[in-house]
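Chains as they are written, first to last, in my numbering: chain U, 23 to 401; chain G, 7 to 112.
A few of these clues could be false.
The calculated lysine-lysine pairs, modelled on DSS-like cross-linking and capped at a C-alpha distance of 30 Å, are [what the hints assert, rightly or not]:
{"#": "1", "chain 1": "U", "residue 1": "K210", "chain 2": "U", "residue 2": "K336"}
{"#": "2", "chain 1": "U", "residue 1": "K168", "chain 2": "U", "residue 2": "K89"}
{"#": "3", "chain 1": "U", "residue 1": "K109", "chain 2": "U", "residue 2": "K168"}
{"#": "4", "chain 1": "G", "residue 1": "K93", "chain 2": "U", "residue 2": "K158"}
{"#": "5", "chain 1": "G", "residue 1": "K80", "chain 2": "U", "residue 2": "K97"}
{"#": "6", "chain 1": "G", "residue 1": "K78", "chain 2": "U", "residue 2": "K158"}
Rather than coming from a laboratory, the hints here were simulated on the basis of the structure.
Since this is a predicted model, take the numbers as computed values, not measurements.
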Amino acid sequence: MHKHHPIHCIVPPHMLKEIAANGTESQKKLALETITSSAQLRAERLKMAEFRTEFASAIFKATTGGKERIVYDAKNGSSLPGTLVRKEGDAPVADVGVNEAYDGSGTTYDLYNEIYQRNSIDANGMRLDSTVHYQKGYDNAFWDGKQMVYGDGDEDQPVSDRLFNRFTIAIDIIGHELTHGVTQFEAKLTYFQQPGALNESMSDVFGSLVKQYQLQQTASQADWIIGAGLFTSNVNGVGIRSMKAPGTAYNDPVLGKDPQPAHMKDYVNTISDNGGVHINSGIPNHAFYLTAVEIGGNAWEKAGQIWYLTLRDKLTSSSKFQDCATQTYQVAGSLFGAGSLEQQAVKNGWAGVGLNVEAPTEPGGGCLAALLRLLGLGK
Amino acid sequence: MDVERIKFERTGGFAGMRIAADFELSDLPEEQAHTLAELLDDLDFAELPEQLLSDSSMSDQFSYTITVETEKWKHTIVTGDSSAPEKMQELLQMLNQIARKQARKH
Numbered sequence: 023m024h025k026h027h028p029i030h031c032i033v034p035p036h037m038l039k040e041i042a043a044n045g046t047e048s049q050k051k052l053a054l055e056t057i058t059s060s061a062q063l064r065a066e067r068l069k070m071a072e073f074r075t076e077f078a079s080a081i082f083k084a085t086t087g088g089k090e091r092i093v094y095d096a097k098n099g100s101s102l103p104g105t106l107v108r109k110e111g112d113a114p115v116a117d118v119g120v121n122e123a124y125d126g127s128g129t130t131y132d133l134y135n136e137i138y139q140r141n142s143i144d145a146n147g148m149r150l151d152s153t154v155h156y157q158k159g160y161d162n163a164f165w166d167g168k169q170m171v172y173g174d175g176d177e178d179q180p181v182s183d184r185l186f187n188r189f190t191i192a193i194d195i196i197g198h199e200l201t202h203g204v205t206q207f208e209a210k211l212t213y214f215q216q217p218g219a220l221n222e223s224m225s226d227v228f229g230s231l232v233k234q235y236q237l238q239q240t241a242s243q244a245d246w247i248i249g250a251g252l253f254t255s256n257v258n259g260v261g262i263r264s265m266k267a268p269g270t271a272y273n274d275p276v277l278g279k280d281p282q283p284a285h286m287k288d289y290v291n292t293i294s295d296n297g298g299v300h301i302n303s304g305i306p307n308h309a310f311y312l313t314a315v316e317i318g319g320n321a322w323e324k325a326g327q328i329w330y331l332t333l334r335d336k337l338t339s340s341s342k343f344q345d346c347a348t349q350t351y352q353v354a355g356s357l358f359g360a361g362s363l364e365q366q367a368v369k370n371g372w373a374g375v376g377l378n379v380e381a382p383t384e385p386g387g388g389c390l391a392a393l394l395r396l397l398g399l400g401k
Numbered sequence: 007m008d009v010e011r012i013k014f015e016r017t018g019g020f021a022g023m024r025i026a027a028d029f030e031l032s033d034l035p036e037e038q039a040h041t042l043a044e045l046l047d048d049l050d051f052a053e054l055p056e057q058l059l060s061d062s063s064m065s066d067q068f069s070y071t072i073t074v075e076t077e078k079w080k081h082t083i084v085t086g087d088s089s090a091p092e093k094m095q096e097l098l099q100m101l102n103q104i105a106r107k108q109a110r111k112h
């Protein structure tokens, strides 16, 4: 226990030194004792503060830390999340779907974290929860606002009738679902008509980028197919959507033909599918593809950065395709310079799907105009 | 209730593919027809609200429209994966299966 003398708490160290040097003998003794014990106390306080900081940091890491994944098994039921089967750091299990959900969400986390400096879905280390084996014969995957959910396809049908494999089979589907989470925390694009189709397109864009990032493929090497491997061999198709050539992913006697347009002139007006969110997403999907290929190299680097910042900072819940075109163009200008090749590629990408981007006409007109105005030389 | 006819439509989902079924209960195998009638009875289908939707995210979820006709009444409801009550999941799975079978026949 420390004996607290009033001097400990009141007299500042520099004054104690003066007393120790110039005071009476008893004053000197007391001051010296105080200096010593105060120094010890300060050291202890410092240690305590350091401990507190470390402790707080550990707590922070546990709750909002880095990559943290959990995979649950719904065991063919509908209750979510189901039974925990693999958590962060656990070794792979025998169930391939569990491992795919775990690895795919990990690669998605890595792309967002390493390339876009985003710590998980909410930018604050949110844990990535997935449930596999949802229901029986559930040929779908979705994001329920809190977690990813994957069905096993139509495993309940005879092999000769099966059209879908398990939905964790394609890593871009995992990236797609997680990006719905990112959109939920950022632009909050309403899931209806054009904002909904943009929401879907953002999920396809970053889903495809997760796959390209994993395979380390350049824009020209990538297949730009969403859901490759999801169809069984009974289906005439390469995947669910093609960003390179929307409308060509499948053409099958049972499933029909891929309905995606690649151009505004073919925009589909429908009330089905929340106003065609999975149909008209072909248009912004193709704009991204055209942009990425024109820029060249790894699509996640420049084109991906432009789209990511647009999703994070520019789009709102009611944004439409034209807004996305304008905003990506402006973001490209800010990142790479007005008139840069990258900005030109964005403009050409949108022009390729029938959306024109004009440079801003209001006073402002770019850096040069602003500089001239500042110098008193501009209008 | 003596269910005569059921119309079912599933839209949306990750793949955005529509499937639908329109059938008389008498067209189904007896056991399946019986199970379906029981499920509808358990749900008190005629009394369900027309919109069984929640505020949760709809991202890639299926949207279901079900119409049931009897001699006395006809009732349509719309619901989704997360918003459908637990009790309805078995009905949805059965209707999905019927619709997929019909799609494969055509």
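A quick look at each hint next to the structure:
1. This hinted pair checks out: K210 of chain U and K336 of chain U have alpha carbons roughly 11 Å apart, not beyond 30 Å.
2. Simply put, K168 of chain U and K89 of chain U have alpha-carbon atoms about 16 Å apart, close enough for the 30 Å limit, and the pair holds.
3. Proximity of K109 of chain U to K168 of chain U is assessed by CA-CA distance (about 17 Å); at most 30 Å being required, the pair is judged to hold.
4. Pair hint K93 of chain G plus K158 of chain U holds up; C-alpha atoms about 15 Å apart against a cutoff of 30 Å.
5. For a cut-off of 30 Å, the pair hint linking K80 of chain G to K97 of chain U is broken: about 35 Å separates their Cα positions.
6. Restraint check for K78 of chain G and K158 of chain U: the C-alpha separation of about 34 Å exceeds 30 Å, so the hint is violated.
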